[in-house]
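Enquirer: If you read the sequences in order, they're chains A and B. For what it's worth, the numbering used here labels the leading residue of the first sequence as 1, then goes sequentially. For what it's worth, the numbering used here labels the leading residue of the second sequence as 1, then goes sequentially.
It is worth saying that the hints were derived from the structure and are not from the lab. No residue lacks a Cβ here, since even glycine has one placed at the ideal position from N, Cα and C. Among the clues, some could well be false.
To be verified - FRET-style restraints, in silico, Cβ to Cβ:
1) B/Ile55 / A/Glu355: 39 to 45 Å
2) A/Leu251 / B/Phe63: 45 to 51 Å
3) A/Pro179 / B/Lys59: 39 to 45 Å
4) B/Ile48 / A/Leu17: 55 to 61 Å
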Amino acid sequence: MNFETASFRDPSGQIFLRDDKVFRSIYSDGVEDFEAARQNNIYEESIQKGFLIEHTEAGLASVPEGTIYCIEHPCIPMITYPWEWSFSMLKDAALLHLDMMDFLIPKGFWLRDANAFNVQYHNGKLILIDTLSIGRRTKNSPWVAYNQFCCHFLAPLAVAAYSDIRTLGLWRSNINGFPLDLAVRLLPMLRKYSPGLLMHLTMHAHFQKKSQKKQNLKTKKTTQPHKFNDMALSGLIRSLRKTISKLKINLKSEIWSEYDSIRTYKSDDVILKTDFVKKTISQLQPEMVWDLGGNTGEFSMIAAKSGALVVSIDGDPACTEFIYKKRCSKKNEERILPVTMDLANPSPSLGWESEERKSLTQRGPADLILALALIHHLVFSSNVPLNRIAKWFAAVGKYCIVEFMPLDDPMVRTLTENRTERHPYSLEEFKSAFGTFFTVLESQQLNNNRILFFFQRKN
Amino acid sequence: MKKISVFYLAVLYLSLSFILFPSVNAHAYLDPGTGSMILQTLLASFMIIGTGIGIFRNKLKIFFKRLFNKEKKNNTL
Chain A
1 MNFETASFRD
11 PSGQIFLRDD
21 KVFRSIYSDG
31 VEDFEAARQN
41 NIYEESIQKG
51 FLIEHTEAGL
61 ASVPEGTIYC
71 IEHPCIPMIT
81 YPWEWSFSML
91 KDAALLHLDM
101 MDFLIPKGFW
111 LRDANAFNVQ
121 YHNGKLILID
131 TLSIGRRTKN
141 SPWVAYNQFC
151 CHFLAPLAVA
161 AYSDIRTLGL
171 WRSNINGFPL
181 DLAVRLLPML
191 RKYSPGLLMH
201 LTMHAHFQKK
211 SQKKQNLKTK
221 KTTQPHKFND
231 MALSGLIRSL
241 RKTISKLKIN
251 LKSEIWSEYD
261 SIRTYKSDDV
271 ILKTDFVKKT
281 ISQLQPEMVW
291 DLGGNTGEFS
301 MIAAKSGALV
311 VSIDGDPACT
321 EFIYKKRCSK
331 KNEERILPVT
341 MDLANPSPSL
351 GWESEERKSL
361 TQRGPADLIL
371 ALALIHHLVF
381 SSNVPLNRIA
391 KWFAAVGKYC
401 IVEFMPLDDP
411 MVRTLTENRT
421 ERHPYSLEEF
431 KSAFGTFFTV
441 LESQQLNNNR
451 ILFFFQRKN
Chain B
1 MKKISVFYLA
11 VLYLSLSFIL
21 FPSVNAHAYL
31 DPGTGSMILQ
41 TLLASFMIIG
51 TGIGIFRNKL
61 KIFFKRLFNK
71 EKKNNTL
């Protein structure tokens, strides 16, 4: 039995793993809420509506001490974090919380927290994975998770929409959400005073600062709690929804514009490459594929059509946004999870004891790695030697398809121009570096002298 | 324009309310933040006022529509 390293903040329950299955212990702090929600069919209806992850009640044999109820959840094959999400994915996670609140408020319940880490991509859609987030509403109390909702969703979305999409990366250094005062500073002057953002961000940050000062000076007075009825709470949720719905982003990527031209003059090679990838995937039948440098997800789609869950990783937020909006908005027959990440600086392990949030490598290995037209970027743009690339691929994938592009390839020439010093790069050096960690199972020469290799990791 | 002026009047009201009602009690494992709780209670008042104004405005609209429709009908007769 192992406790999930991210599950320790809420004293009402804890996730643990046993025999590769996922269980949740419910301790005395969470029993009343759990029983009330169960009696009122809240869980059943939330699961039916697609808001909440499924669970079944499990026995109490081999459970942590203090467990009163134990439930089993389906396993989520790939956990991702908000700093890896596209803008629309974070927005949809925010709207999921608000949908859930709209559903719960009339029933006398609410969400006890609004944590972005509680939303994950599961079976082709975003879903709330923390069953114990649902609790009975405290009478006449404002929403306890309002502050967290603004820090985890509204602030990063507003700054990304009105300042710069790259600010979503600030999540990495603020894993408890964006500080509201920082978000307000980053917003353009006029946006700070647009009605929704003025209420929920600018004034919110101001009130936080004021109350902090009052607490520090011990000048706080105790008064009767204000009435905050269902109508007021629904109004608050409506206002948050209106504010978040207005946040939009219009991204343009240079990669997209180049992509068509690349495809046009090498259409034969594209067919050869596609056939090789299709054939290899159909032979291997992987369950989990990581498409490194996934671009607009063309090869991710091929892998996803075989039934695999494909994590399409690209450093360009425009690409992941494109995949999320275009590919994932379809009827989700193909499961593609777009992840924004600079592969030369992948997500590290973060949080308490540096174990709370896992690094990308810790979340592997994938059954298959796709690294198509990627290696030359890592070697020439990020200065990573071939042997280090091969070593990392072996750490994150059991099999991989790698495309080698020779030095005279136009795309490689573009990157090597004006470079006087660079790491060794040739077919022999590539074979030697990958040969240390992998065995070649198959290869395919393309007309443009690029070569596709299908590797198996050495044990 | 009307919307904006109502909004800024409400903001003024909220600011005054902040001085008048300084704290709220709440119990949760999550720190709700005193400032956040106060702001919400003040926003709630604002939303109720906003909703009230909205209802009144709709009623006025319906009243004037009926009035003009009646006049039109009388003219056509």
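Enquirer: Work down the list of hints and note, for each, if the structure agrees.
Expert: Evaluated hints:
1. B/Ile55 / A/Glu355: 39 to 45 Å: violated, 53 Å
2. A/Leu251 / B/Phe63: 45 to 51 Å: Holds - the Cβ-Cβ distance for leucine 251 of chain A and phenylalanine 63 of chain B, about 47 Å, lies within 45 to 51 Å.
3. A/Pro179 / B/Lys59: 39 to 45 Å: holds, 43 Å
4. B/Ile48 / A/Leu17: 55 to 61 Å: violated, 47 Å
Going down the numbered hints, you'll see the structure goes against 1 and 4, while the others check out.
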